[in-house]
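One line per chain: the protein sequences are W and S, in this order. Residues 40 to 210 in my numbering are what the first sequence lists, from first letter to last. Residues 258 to 716 in my numbering are what the second sequence lists, from first letter to last.
A few of these clues could be false.
In silico DMTMM-like links for lysine to aspartate or glutamate, alpha-carbon gap of 20 Å or less [as the list claims (entries may be wrong)]: (1) Lys199(W) to Glu346(S); (2) Lys47(W) to Glu71(W); (3) Lys89(W) to Glu71(W); (4) Lys47(W) to Glu188(W); (5) Lys124(W) to Glu71(W); (6) Lys124(W) to Asp151(W); (7) Lys196(W) to Glu638(S); (8) Lys570(S) to Asp158(W); (9) Lys312(S) to Asp200(W); (10) Lys114(W) to Glu78(W); (11) Lys124(W) to Asp158(W); (12) Lys682(S) to Asp145(W); (13) Lys114(W) to Asp158(W); (14) Lys312(S) to Asp575(S); (15) Lys584(S) to Glu638(S); (16) Lys197(W) to Asp350(S); (17) Lys197(W) to Glu346(S); (18) Lys612(S) to Asp575(S); (19) Lys199(W) to Asp350(S); (20) Lys682(S) to Asp50(W); (21) Lys98(W) to Glu372(S); (22) Lys124(W) to Glu638(S); (23) Lys89(W) to Glu78(W); (24) Lys114(W) to Asp81(W); (25) Lys114(W) to Glu346(S); (26) Lys74(W) to Glu372(S); (27) Lys44(W) to Asp153(W); (28) Lys196(W) to Glu346(S); (29) Lys114(W) to Asp151(W); (30) Lys199(W) to Glu188(W); (31) Lys682(S) to Glu78(W).
Calculated from the structure, these hints are not laboratory results.
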Amino acid sequence: MLRGKAFKFGDNISTDHVVPGRLLHLRSNLPELAKHVLEDADPTFAQRVKVGDFVVAGKNFGLGSSREHAPLVIKMSGVSAILAKSVARIFFRNAINIGLPVLICDTDKIADGDELEIDLKRGEVNNLTAHTPIRFNPIPEAMLRILNEGGLIPYIKKYKDFAATPKEGRE
Amino acid sequence: MQKESKVVHVGLGPVGSRMVRHIVTKRKGIRYVGAIDVLPEIMGKTLAEKILSMKLSADAYAGDIVVVPVDLVFVQDSTGPLTLRQFNETSLDSIHRPERTIFFIDHSTPSPARELSNDHIFLRNFAREKGATLSDIGEGVCHQIVAESFANPGDIIVGADSHSVAAGALGAFATGMGSTDIAIAMALGKTWLRVPETIRVLVYSRFGKGVSAKDLILHVIGRIGADGASYKALEFNGEGVANMTMSDRLTIANMVVEAGAKVGLFPSDRVTQSYLTEQGRVEKYIALAPDSGANYESTIEIDTAQLEPIVAKPHAVDNIAPAREIKGVHVDQVFIGTCTNGRLDDIRVAASILKGKKRHPDTRLIVAPASRKVLLAALEEGYITTLVKSGATIAPPGCAACLGTHQGVLGDSEVCLSTSNRNFKGRMGNPEAFIYLASPATAAATAIRGEITDPRELL
């Protein structure tokens, strides 16, 4: 069970909004880079976010660059899950690969500052402020297996291969 | 009287990639097998399905999850250090195919900061230690060098850079991933993919004067939106594609990710063959085309002759308008280059418009050839001389001003018109600046007038 406060963002928040290119020199210094997380979307976010909180966005969250530093610094800031109407492909893989859940759901039912409780197993977001339950789409099986191991690195360390994840060939 | 033949069996079975309905008859004790019809709609494959099936030696269709071997893996200096740290975490010690694993130093070249210099040292040392191939400063942008030296039709290519899709121009299933995925692909020599559904883009005719591949892809992105092809393949086909140069195809494939696509595929045809011949590896050529009965999610039709110069306005790539509708917007800096439009053809177009003219005194002009090869050819053809005389600043081959690290960072409230692929807020180093995206022709015309200009006015 995850619990925290919603930080609401709009549509099309790019990885440039999360970690802009002007901070490229900090990419090998993640704690320093994390101080600037989502700076170009909300300059106060990094100071306000607390452990357990949620990034709640509109459609196409994380579009743009493949920089995995984007989900990494969001996770480092304490965020326990990202909720969005839709999420860009590379960002989705990256977030799951580092063990950060991304939940696709109707985020119009969540306002900035709402208290949320999320049951990952039951696929449900409970908005404690608005008293509305929200269902989220199940995470695809191939990705869920990676997420359940805490990410792709622990997954590969355990299984040494993809064999136990997606089948070779058709599924 | 001839004895009637007797129908023994009517069945359905695969012949090659097609399903064939057949009939078996018997006459005078002899069995005859005949095809009734071919049912391509059942088994026909899109280019994406075809390439992945080839690699699997089994049929793969949209929605399947597959694990496939990779022919080329690469990183660049902004995603590479994290990739290598993740690789070290796996405790898998060696790179699966070091000669097909490339570390490109192209994003911050030459290095503008000590931290980045240290990242470069890390990449160089790791390449030396593990035997990976290094492409150091001055060689150029990864995607351009992948096209010039590495990508082949039918390959599966994964790069730790979203614009890795560019190699789809050569008929390679090429896609971008993050550092961890790439670290694992480096170590295991394979990756997992969901076979994408395909949106077909049927292209007719030829580009009119002043209109190019950049206008076409901006038009497509504007039409379907920044998430219009999310998780999907965009497949370009039709006579208009047969008329396109490899340079055009690279520009288009490069930007499919701006509509969210996983891959942007072109058939491998005579244009591909002659490009591979020019690059000295024609033996890697194979012809590739989708099956006539392939299953497409949807089809977009474009008559290139009807296209006009397009500009993407701040701060989204799908926020497009015809150049003529926004002409007159003052521009402080014009940037021509990048993996999208830094090739010889692009520089030729810019030089032909700027020849004998000067950039507007209030408008800076930066030109960055995409690779050393492009720079050399542009020097030999005299384009660089033309551009320097017109007032251009030439940046070294690499990503240059595109991503906001150096070589053209914008000031507060400044406006840039760039031939690159992204205009997100803050992209060129300053969230207070404004970026418009356009073709090299529009960029050159804009540099002369100092304001957004439809290039057809100067042709």
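To see whether the hints hold, each was checked on the structure:
1. A hinted pair counts as satisfied when its Cα atoms are at most 20 Å apart, and Lys199(W) with Glu346(S) qualifies at roughly 13 Å.
2. Only pairs whose Cα atoms come within 20 Å are accepted, and Lys47(W) paired with Glu71(W) is rejected, the gap being roughly 24 Å.
3. In summary, the hint linking Lys89(W) to Glu71(W) is supported, as the alpha carbons are separated by about 17 Å, within the 20 Å threshold.
4. Between Lys47(W) and Glu188(W), the direct Cα distance comes to roughly 28 Å. Violation of the 20 Å bound is thereby established for this hinted pair.
5. Distance check on the hinted pair: Lys124(W) and Glu71(W) sit about 30 Å apart at the alpha-carbon level, beyond 20 Å; violated.
6. Of the supplied pair hints, the one linking Lys124(W) and Asp151(W) holds, its CA atoms being roughly 15 Å apart against a limit of 20 Å.
7. At most 20 Å may separate the alpha-carbon atoms for a hinted pair to count; Lys196(W) and Glu638(S) exceed this at roughly 53 Å.
8. With a C-alpha separation of about 41 Å, the suggested pair Lys570(S) and Asp158(W) falls outside the 20 Å cut-off, and the hint is violated.
9. For the given pair, Lys312(S) sits about 18 Å from Asp200(W) by alpha-carbon distance, which is consistent with the 20 Å threshold.
10. With a C-alpha separation of about 15 Å, the suggested pairing of Lys114(W) with Glu78(W) holds against the 20 Å cut-off.
11. Taking the CA atoms of Lys124(W) and Asp158(W), the gap is about 18 Å. The hint holds against a cut of 20 Å.
12. Taken as a hint, the Lys682(S) and Asp145(W) pair is broken in the structure, with Cα atoms around 26 Å apart against an allowance of 20 Å.
13. Restraint check for Lys114(W) and Asp158(W): satisfied, since their Cα atoms lie roughly 18 Å apart, inside the 20 Å limit.
14. At most 20 Å may separate the alpha-carbon atoms for a hinted pair to count; Lys312(S) and Asp575(S) exceed this at roughly 34 Å.
15. As the CA atoms of Lys584(S) and Glu638(S) are separated by approximately 31 Å, the hinted pair breaks the 20 Å bound.
16. Between Lys197(W) and Asp350(S) the alpha-carbon distance is near 15 Å, which keeps this suggested pair within the 20 Å criterion.
17. As the CA atoms of Lys197(W) and Glu346(S) are separated by approximately 12 Å, the hinted pair is consistent with the 20 Å bound.
18. Restraint check for Lys612(S) and Asp575(S): the C-alpha separation of about 32 Å exceeds 20 Å, so the hint is violated.
19. At roughly 12 Å between alpha-carbon atoms, Lys199(W) and Asp350(S) fall within 20 Å of each other, so this suggested pair holds.
20. With a C-alpha separation of about 13 Å, the suggested pair Lys682(S) and Asp50(W) falls inside the 20 Å cut-off, and the hint holds.
21. For a cut-off of 20 Å, the pair hint linking Lys98(W) to Glu372(S) is broken: about 34 Å separates their Cα positions.
22. About 51 Å separates the Cα atoms of Lys124(W) and Glu638(S), which puts this hinted pair outside 20 Å; it is violated.
23. Between Lys89(W) and Glu78(W) the alpha-carbon distance is near 16 Å, which keeps this suggested pair within the 20 Å criterion.
24. Straight-line distance between C-alpha atoms of Lys114(W) and Asp81(W) comes to about 16 Å, which keeps the hinted pair within the 20 Å bound.
25. Proposed proximity of Lys114(W) and Glu346(S) is supported: the alpha carbons are some 18 Å apart, at most 20 Å.
26. For a cut-off of 20 Å, the pair hint linking Lys74(W) to Glu372(S) stands: about 17 Å separates their Cα positions.
27. About 6 Å separates the Cα atoms of Lys44(W) and Asp153(W), which keeps this hinted pair within 20 Å; it holds.
28. The straight-line distance between the Cα atoms of Lys196(W) and Glu346(S) is roughly 9 Å, inside the 20 Å bound, and the hint therefore holds.
29. With a C-alpha separation of about 19 Å, the suggested pairing of Lys114(W) with Asp151(W) holds against the 20 Å cut-off.
30. Straight-line distance between C-alpha atoms of Lys199(W) and Glu188(W) comes to about 13 Å, which keeps the hinted pair within the 20 Å bound.
31. Restraint check for Lys682(S) and Glu78(W): satisfied, since their Cα atoms lie roughly 11 Å apart, inside the 20 Å limit.
Violated hints, listed in ascending order, are 2, 4, 5, 7, 8, 12, 14, 15, 18, 21, 22; each of the other numbered hints is respected by the structure.
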